[in-house]
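2 protein chains.
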Amino acid sequence: MNTGTKKPGYSRSTEDYLKAIYELESLGGSAQTSAIAEVLDIAPPSVSGMVKRLSESGLLEHVPYRGVQLTRAGRRTALKMVRRHRILETYLTSKLGYDWDSVHDEAERLEHAVSDELIERMAMALGNPRYDPHGAPIPTKDGEIEEPDLVPLADVPVGKTVELRMVSDKDSERLRFIASLGLRVGVVFETMARQPFRGPITIRLPGSKIQVVGNELAQLLYCVIRGQEVG
Amino acid sequence: MNTGTKKPGYSRSTEDYLKAIYELESLGGSAQTSAIAEVLDIAPPSVSGMVKRLSESGLLEHVPYRGVQLTRAGRRTALKMVRRHRILETYLTSKLGYDWDSVHDEAERLEHAVSDELIERMAMALGNPRYDPHGAPIPTKDGEIEEPDLVPLADVPVGKTVELRMVSDKDSERLRFIASLGLRVGVVFETMARQPFRGPITIRLPGSKIQVVGNELAQLLYCVIRGQEVG
DNA sequence: TTTGTAATTTAGGCTCTGTTAATATTGGAG
DNA sequence: CTCCAATATTAACAGAGCCTAAATTACAAA
Numbered sequence: 001m002n003t004g005t006k007k008p009g010y011s012r013s014t015e016d017y018l019k020a021i022y023e024l025e026s027l028g029g030s031a032q033t034s035a036i037a038e039v040l041d042i043a044p045p046s047v048s049g050m051v052k053r054l055s056e057s058g059l060l061e062h063v064p065y066r067g068v069q070l071t072r073a074g075r076r077t078a079l080k081m082v083r084r085h086r087i088l089e090t091y092l093t094s095k096l097g098y099d100w101d102s103v104h105d106e107a108e109r110l111e112h113a114v115s116d117e118l119i120e121r122m123a124m125a126l127g128n129p130r131y132d133p134h135g136a137p138i139p140t141k142d143g144e145i146e147e148p149d150l151v152p153l154a155d156v157p158v159g160k161t162v163e164l165r166m167v168s169d170k171d172s173e174r175l176r177f178i179a180s181l182g183l184r185v186g187v188v189f190e191t192m193a194r195q196p197f198r199g200p201i202t203i204r205l206p207g208s209k210i211q212v213v214g215n216e217l218a219q220l221l222y223c224v225i226r227g228q229e230v231g
Numbered sequence: 001m002n003t004g005t006k007k008p009g010y011s012r013s014t015e016d017y018l019k020a021i022y023e024l025e026s027l028g029g030s031a032q033t034s035a036i037a038e039v040l041d042i043a044p045p046s047v048s049g050m051v052k053r054l055s056e057s058g059l060l061e062h063v064p065y066r067g068v069q070l071t072r073a074g075r076r077t078a079l080k081m082v083r084r085h086r087i088l089e090t091y092l093t094s095k096l097g098y099d100w101d102s103v104h105d106e107a108e109r110l111e112h113a114v115s116d117e118l119i120e121r122m123a124m125a126l127g128n129p130r131y132d133p134h135g136a137p138i139p140t141k142d143g144e145i146e147e148p149d150l151v152p153l154a155d156v157p158v159g160k161t162v163e164l165r166m167v168s169d170k171d172s173e174r175l176r177f178i179a180s181l182g183l184r185v186g187v188v189f190e191t192m193a194r195q196p197f198r199g200p201i202t203i204r205l206p207g208s209k210i211q212v213v214g215n216e217l218a219q220l221l222y223c224v225i226r227g228q229e230v231g
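Heads up: the protein sequence lines correspond to chains A and B, in order. The first sequence begins at 1 in this note's numbering and counts up by one. The second sequence begins at 1 in this note's numbering and counts up by one.
Honestly, the hints are just simulated from the structure, not real lab data. Be aware that one or more of the hints could be misleading.
Below, in silico cross-link-like pairs of lysine-lysine (DSS-like), each with a Cα-Cα straight-line distance of 25 Å or less [unchecked claim]:
| no. | chain 1 | residue 1 | chain 2 | residue 2 |
| --- | --- | --- | --- | --- |
| 1 | A | K160 | A | K141 |
| 2 | A | K160 | A | K95 |
| 3 | B | K95 | A | K141 |
| 4 | A | K160 | A | K209 |
| 5 | B | K209 | B | K160 |
| 6 | B | K141 | B | K170 |
| 7 | A | K95 | B | K141 |
| 8 | A | K170 | A | K95 |
| 9 | B | K95 | A | K95 |
Given these sequences and hints, build the entire structure.
Here it is in structure tokens:
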């Protein structure tokens, strides 16, 4: 009577791989071995080995030399890890006074140790938030996630009013720098000018504060365009 | 210039062994291989192997066939784990609505994943508590722990007024049963009678509620004697 | 079509932490 | 003092997950 749908209980490594692969898939269709290796800071042959084990467990499908795709079961677990990570980040920020640039590492470790119950209690205590402190959408308990339609600041035309909606949580230094420019999730500002050749972008923040943002950074600042300045 | 005192970063297993050995030492002088194996639910030869590695790391001293004792470094780490565990239990109980019978397992996993900073933030949010929900003393940040002088209820003479101060957190079912008797840390009651031959003890709780407690359970209920009833 | 380069996988090894089976030591009972 | 039972250790091995070096495959450029 055991249909194989008991308590999964995957290893820390397994959880890390699934989450990483999920995040790579969200960007471009399927995840390459070398990309996984890069994200997890592991040698590519180690990834080959692990991918084999994970595909034998039915968590992903592997076409040798081509890449990897999560199965339904794999995606379910990956989304659970994403939910855990983002609830944890939100909790640490709202309830324990962490800054948005210091929650990532803590959540990265805790996400493997918490129970479902603890996560749901935290979510409850937070009023079931839909976004984490970096603006990333939090998957629901049953694995649904909003796919927000955002534009990197680097691609916003000049003269638009935009709202900053999401920033990558990975690099703590970068987050500190972003905050030091006066940028935070929810801030509304205007694009004033952009230099050619992937040059920096000038923006006007609330209070008419002017800042210049390099192109590389601007690619990681995800915005919604809210309106258009009168020329 | 590396004196070997950098960031420890011990494995999950190492942390479990050290904590278990610390707790065994608190009961009877030194920890036997079989006792460690029992507590950690591991085969004795595995313990022999691990003990060898831990003693090579300078965390404990091992006299073959005799037993094991923590070194200063070992005790420091053990007490850190105990602090983590007890702060976590307290936090989960006070801030996230857990019952005293359900916090142990959660804390057991989290204690390996949290950072020092998170524990200190939790402790701060709780007002630096000195006892966990089961009445166990919480070691300070620098590894000092109160050694409360408590008497098992089983050893309290009849006719005394006592306060329940501490209960083992290990067995969730037992904790539920204890609570169902009306017993909680801090409750003051009187010993009314005791049957011979390790028989049960009759107590009178606040509101004159009478309960009977088996001897085995009574050995795990640690009390202070507060006064004496007039014969 | 051939060929070079980059990406990937296979082969072989290592550490950690666990297992069981066999052996050694200790300490108490006779 | 001897011997047995309990306890502990050693030996041999397993598997997860990492590594490097060598072999293989894919793909694009010539």
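* **Violations among the numbered hints, reported as their numbers in ascending order** => Of the numbered hints, 1, 2 do not hold.
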